[in-house]
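Number of protein chains: 2
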Amino acid sequence: MQFDGTDFAGYQRQADGVRTVAGTLEAAWLRMLGEPVVARSSSRTDSGVHARRMPVLIFTDRLVPPGNLVRGLNTFLPDDIAVLEAADVTAEFEVRADAVGKRYVYRLMTGEARLPLWRRVAWFVRGELDFAAMQAGAAHLVGIHDFAAFRASSCTAPSTIRNLRSIELAREGALLTLTVEGNAFLHNMVRIIAGTLVDVGRKRVPPDAVAQMLLGRDRVRAGQTAPAQGLTLDEVFYGPHGARQGLDYKELLAHMNVARAG
Amino acid sequence: MQFDGTDFAGYQRQADGVRTVAGTLEAAWLRMLGEPVVARSSSRTDSGVHARRMPVLIFTDRLVPPGNLVRGLNTFLPDDIAVLEAADVTAEFEVRADAVGKRYVYRLMTGEARLPLWRRVAWFVRGELDFAAMQAGAAHLVGIHDFAAFRASSCTAPSTIRNLRSIELAREGALLTLTVEGNAFLHNMVRIIAGTLVDVGRKRVPPDAVAQMLLGRDRVRAGQTAPAQGLTLDEVFYGPHGARQGLDYKELLAHMNVARAG
Chain A
1 MQFDGTDFAG YQRQADGVRT VAGTLEAAWL RMLGEPVVAR SSSRTDSGVH ARRMPVLIFT
61 DRLVPPGNLV RGLNTFLPDD IAVLEAADVT AEFEVRADAV GKRYVYRLMT GEARLPLWRR
121 VAWFVRGELD FAAMQAGAAH LVGIHDFAAF RASSCTAPST IRNLRSIELA REGALLTLTV
181 EGNAFLHNMV RIIAGTLVDV GRKRVPPDAV AQMLLGRDRV RAGQTAPAQG LTLDEVFYGP
241 HGARQGLDYK ELLAHMNVAR AG
Chain B
1 MQFDGTDFAG YQRQADGVRT VAGTLEAAWL RMLGEPVVAR SSSRTDSGVH ARRMPVLIFT
61 DRLVPPGNLV RGLNTFLPDD IAVLEAADVT AEFEVRADAV GKRYVYRLMT GEARLPLWRR
121 VAWFVRGELD FAAMQAGAAH LVGIHDFAAF RASSCTAPST IRNLRSIELA REGALLTLTV
181 EGNAFLHNMV RIIAGTLVDV GRKRVPPDAV AQMLLGRDRV RAGQTAPAQG LTLDEVFYGP
241 HGARQGLDYK ELLAHMNVAR AG
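If you read the sequences in order, they're chains A and B.
Residue numbers for the first sequence follow the working numbering, so the first one is 1 and each next one is one higher.
Residue numbers for the second sequence follow the working numbering, so the first one is 1 and each next one is one higher.
Chain A on its own, in the form it takes in the complex (with noise of 0.2 angstroms):
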């Protein structure tokens, strides 16, 4: 799917009356087929957070085309998400446990004016960043390592440890792009991470505190939490049949012992 989330509180189902992507999916499915479904999903994107592609798995005992599902939902679902695309699974597949990796798409705005064109997925920041600092904070995130100061308080991810693939900042005139991807992400991840780097680049802290985050654990030592509406999750990648997410716990061990060697 693909949902403009400035209109909704999130993905997950909530109480009548609350707007969510599930509930608004489960609704259109409702009306379409006349069977109550539930719609599992890769992530449970907080309130305004936006997704360019996001994975949904349904069980249903409706024998439809692909192609007809597409078409149908998107003329039951409101004009601020859609189906892109559907395709029939294994019984074996799990929406968020086969998921081996995702890239999330951080928005901001920057310079003297907001600009209206990006207003509802991107954070406006006031005034110039120091790109060449972010792109050095950004740099000591890259690879396996301790999350744990990168996490809202709330999030009761068993393990802190995540494997963070990659980070691209990119600018065009006044935008500039945070693209994250990994292995899995803890609550807030992306969202405090963009905080740290906006910091980074108004030089309230050097690049090289975010090195000493990491390593402190403690969520009061990283930035705030950017604003959801800049927030974009862009892909969810599946490996081949059967692959779970996760860290080869020897790879990990080895990197954290030279970590703290280092």
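Hints listed in this document are in silico derivations from the structure and should not be mistaken for laboratory results.
Take these hints with a grain of salt, some might be off.
Here are the in silico distance ranges between beta carbons for each label pair [stated by the list, open to error]:
no. : chain 1 : residue 1 : chain 2 : residue 2 : range
1   : A       : Phe131    : B       : Leu30     : 17 to 27 angstroms
2   : B       : Gly143    : A       : Glu92     : 30 to 40 angstroms
3   : A       : Gln14     : B       : Gly173    : 38 to 48 angstroms
4   : B       : Glu92     : A       : Ser166    : 51 to 61 angstroms
Which chain A residues face chain B? A few, computed with CB under 10 angstroms, are given here [claimed, not checked]:
no. : residue
5   : Met1
6   : Gln2
7   : Phe3
8   : Asn74
9   : Asp80
10  : Ala82
11  : Glu85
12  : Ala87
13  : Arg114
14  : Leu115
15  : Arg119
16  : Val121
17  : Arg219
Glycine included, each C-beta is placed from N, C-alpha and C at the ideal position.
Given the coordinates of chain A, assemble chain B onto it according to the supplied hints.
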């Protein structure tokens, strides 16, 4: 200025109660500076058309540093419109007549599903378009031509000759972007070009028919007028002070004679 044209009834001020770009800017100026002004623009964009960078000229008796003007006006403007920059110009500057070129962008969403993240700034054309055919069709439009077939029937411009300096078609996934640069444009010219190229992409007309449309000079032979929502005024170019838009007539006549001889 930049604005999301979705909720504006075009640039030009209309009766009270109609939400226009000029009216909104003039109201913000009046509130900030207590001065009634007329906002002159390079282009009178239609209802629903957007602008990434539209120059606007205002004569004022107030001495306000341009930086303060940007920040001040933006606090009085709604979030779908903003002043990006401000600068003093000489009294001789004319925002419309001094423009030596303009660039417009027309965006299309193709494929089986509309794209919610692009819904405000792109036109959804269901199905696949033949990209190579569209490029071949577009190539016929580049150069100095009589664009009589590519203007709104209401257009009253005395001359229909324009120099279309370049047309670029780019594709990124389901999003197709048409970028058109020229010395000046007739009313609805870019939207009729977009509609015509979509007909070519759908194989309703062959690419070479575009050349015939130009020569025929008949509005009914060109394609439909593509919807306003897909159109964005991207940039307006100014030459050295005093330069006026328009064509070198010797160059034009030579070109037209060659075209007729061919």
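Consistency of the hints with the structure:
| no. | hint | verdict |
| --- | --- | --- |
| 1 | A/Phe131 to B/Leu30: 17 to 27 angstroms | 38 angstroms, violated |
| 2 | B/Gly143 to A/Glu92: 30 to 40 angstroms | 59 angstroms, violated |
| 3 | A/Gln14 to B/Gly173: 38 to 48 angstroms | 31 angstroms, violated |
| 4 | B/Glu92 to A/Ser166: 51 to 61 angstroms | 52 angstroms, holds |
| 5 | Met1 | 9 angstroms, holds |
| 6 | Gln2 | 5 angstroms, holds |
| 7 | Phe3 | 5 angstroms, holds |
| 8 | Asn74 | 6 angstroms, holds |
| 9 | Asp80 | 5 angstroms, holds |
| 10 | Ala82 | 5 angstroms, holds |
| 11 | Glu85 | 8 angstroms, holds |
| 12 | Ala87 | 13 angstroms, violated |
| 13 | Arg114 | 5 angstroms, holds |
| 14 | Leu115 | 6 angstroms, holds |
| 15 | Arg119 | 6 angstroms, holds |
| 16 | Val121 | 7 angstroms, holds |
| 17 | Arg219 | 31 angstroms, violated |
This entry does not satisfy hints 1, 2, 3, 12, 17, going by the numbered hints stated previously.
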